[in-house]
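Chemist: Chain residues, written in single-letter form:
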Amino acid sequence: MNNPSSGAPLLELRQISRRFGGLQALSEVSFQVEAGEIFGLIGPNGAGKTTLFNLLSGVTPASSGSIHWRGQSLQGLSPDRHNRLGIARTFQNLRLFNGLSVLENVLLALHRQPQGHGLDALFNSPRFRRRQHELQQRALHLLDELGLADQADRQAGGLAYGDRRRLEIARALATAPALLLLDEPAAGMNPREKEQLCELLAQLRQRHQLTLVVIEHHVPLLMQLCQRLAVLDFGRLIALGTPEQIQADPRVIEAYLGGSR
Amino acid sequence: MIDNGLLVQMILGALLGLSVYLPMAAGQLSLATPAFYAVGGTLAALLSTQGDTPSAISLGAVLGEMLLAAGLTAALALLVGLPVLRLRGIYLAISTIALVEIVRVAILNLPFTGGATGIFGIPQPFQQPLGYVLFSGSLLALAGWLCQRLEASRLGRSMAAIRDDELASRCMGIHTTRVKLTAFVASAMLAGVTGVVAAHYLNTWNARQGSFDVAITTLAFVILGGSRSWLGPVIGGLLLTALPELLRPVGDLRLVLFGLVILLGPVFFPQGLITPALLERLGRWKP
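Read top to bottom, the protein sequences are chains A and B. Numbered by the working numbering, the letters in the first sequence go through residues 1 to 261 in order. Numbered by the working numbering, the letters in the second sequence go through residues 262 to 548 in order.
Derived from the structure by calculation, the hints contain no laboratory data. Keep in mind the model is a prediction, meaning the values are calculated, not measured. Yeah, the Cβ is synthetic: ideal placement off N, Cα and C, and Gly gets one too. Careful: at least some of the hints might be erroneous.
Each pair of labels, with its calculated beta carbon distance range [stated by the list, open to error]:
1. Arg-515/B / His-141/A: 52 to 60 Å
2. Thr-438/B / Pro-9/A: 41 to 49 Å
3. Asn-370/B / Tyr-161/A: 42 to 50 Å
4. Gly-22/A / Glu-541/B: 49 to 57 Å
5. His-141/A / Leu-508/B: 19 to 27 Å
6. Gly-350/B / Ala-35/A: 17 to 25 Å
7. Glu-362/B / Phe-31/A: 25 to 33 Å
8. Arg-127/A / Asn-370/B: 47 to 55 Å
9. Pro-126/A / Asn-370/B: 50 to 58 Å
10. Asn-370/B / Gln-137/A: 54 to 62 Å
Derived coverage of chain A by chain B (criterion: at least 3 residues anywhere in the stretch with Cβ under 8 Å from a Cβ of chain B; other residues may be distant) [claimed, not checked]:
11. 78-87
12. 184-197
13. 235-241
Some residues of chain A that are not near chain B, with every Cβ distance over 10 Å (derived) [unchecked claim]:
14. Arg-14
15. Gln-32
16. Ala-121
17. Gln-132
18. Ala-172
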């Protein structure tokens, strides 16, 4: 890992805009995320939250503005490059490798770990098998953290919905990110599962020294989890601050409940 | 019923099936196999018919040709693959068909490849078909072993991931362009090397050897055999190459039956004959 340049925030968005034809999905959004915080992103449907994640993970380029990672511009970098720099994500509509087993999904994401020499792999040498065994143990350990260890041999596509969401998190964690973007991690979970997820995320942040940016519709969960929140409405940033500040902000109340215009 | 001559053709079919399978294991429908097969065959035909009345060729010289063919097809695949692999699905298939046609027309019209009649009297390293059976059989065993190791390695896992979901693979940091290109190059090299063996075995080589028909036939190997493991295209290639010969006693009806097998195979075995479930039952799934 390269050292963060002194003073630069972990992630900085400067006047980010994204236009899809006639639709202005994001307009001039600016904020910073500091290392180690849990940052919430809320807003009504169609506010541009997932678009913002696509920009942050390199899936879609910004129309204008720039994103800086540890003081360095991410302009024009591919999604795999973003991941290698330490930005991992999950997907709102689940994109697991459904044909592969739960364990294989995580093993795949461990691909940047040293695998041993190519010749070792070719001849299935003891060294290679030992290395593969170590990687498997690591994958199992991650699955265990997410409560999925007993499902390791099942096909990913056959898991229950909540388990698939957690597997997405395990897979993203396996790429050893510094920043984890979670797109509606609690969607489809019951209140008890949501509560557990909340605790789990706080633990994971501690153990893996993560910074988290979380999109979530279930606002109470975010209020409990996050240090700071940003609120998007029709692609504009309408509020930024602590949960208390956000809850009291008249523009947020208007965006969610509708104003008397 | 199956003589050594047919066995050689079956093995060559299985090798070409593997060549189609490799890009497909990374989710890429490439039909470029006949182009690289033709390049390999033409290279062998040209090199071994130089000089005055060549009648025999040593095994070492054939191996040398195979190395050259592998190098030439790898270079060609790198050159073509970089732009072409940006295309997806059917568009990739169409552009690789175009490559097959370009190579075919080039071989047909180049001043030194013998035009429509091709090149004759390619010397044989073996006097008996049995020699070819053992030689191509070893090649198939080697290719199968490499594929088996591939499926247990990081590269093989990355290929499977791209096949399942390319965008998610990229977001997991997998260098998708590099992985797809590697599969494409490996496929090309295998086809090129197979072309060298085929040219010597057939004794003659012309532009028709690498035509669009071959692309469809070899694709059928993979579809009938199954594309979830390297064993699928091998079984598919062996069976579908043998079938027209085995059906010879029924006369012209054999072409109808052959067509029916290709048509009904996917209906009754949508995943092909060799499926992951079958392999699991055979207990050979764990690497």
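Chemist: State, for the Cβ atoms of Gly-22/A and Glu-541/B, whether the hinted interval 49 to 57 Å holds or is violated.
Modeler: 51 Å, holds
Chemist: With 10 Å as the threshold, tell me whether Gln-32/A passes as away from chain B on beta-carbon distances.
Modeler: Since the minimum Cβ distance to chain B is about 23 Å, Gln-32/A lies beyond 10 Å and the statement holds.
Chemist: Minimum C-beta separation from Gln-132/A to chain B exceeding 10 Å: can you confirm that?
Modeler: 8 Å, violated
Chemist: Does the beta carbon distance between Thr-438/B and Pro-9/A stay inside 41 to 49 Å, or does it fall outside?
Modeler: 31 Å, violated
Chemist: How does the coverage statement for the region 235-241 of chain A fare against chain B, requiring three or more residues with Cβ below 8 Å from a Cβ of that chain?
Modeler: Coverage by chain B is violated for the region 235-241 of chain A (0 residues, Cβ < 8 Å).
Chemist: Do the beta carbons of Arg-515/B and His-141/A sit within 52 to 60 Å of each other?
Modeler: 58 Å, holds
Chemist: Examine the region 78-87 of chain A for residues whose CB is less than 8 Å from any CB of chain B, and state whether their number is three or more.
Modeler: That given contact holds, which follows from 6 residues of the region 78-87 of chain A lying within Cβ reach (below 8 Å) of chain B.
Chemist: Please test the hint of 17 to 25 Å on the beta carbon pair from Gly-350/B and Ala-35/A.
Modeler: 41 Å, violated
Chemist: Using the Cβ atoms, figure out if Glu-362/B sits within 25 to 33 Å of Phe-31/A.
Modeler: 54 Å, violated
Chemist: Should the label of Ala-172/A as a non-interface residue stand, given a Cβ cut-off of 10 Å to chain B?
Modeler: Per Cβ check, Ala-172/A is inside 10 Å of chain B; nearest 8 Å; violated.
Chemist: 50 to 58 Å was suggested as the range; check whether the CB atoms of Pro-126/A and Asn-370/B agree with it.
Modeler: 55 Å, holds
Chemist: Between the beta carbons of Asn-370/B and Tyr-161/A, is the distance compatible with 42 to 50 Å?
Modeler: Once the Cβ atoms are compared, 60 Å apart, the range 42 to 50 Å for Tyr-161/A and Asn-370/B is violated.
Taken one by one, the earlier hints fail for this structure at numbers 2, 3, 5, 6, 7, 12, 13, 16, 17 and 18, listed in ascending order.
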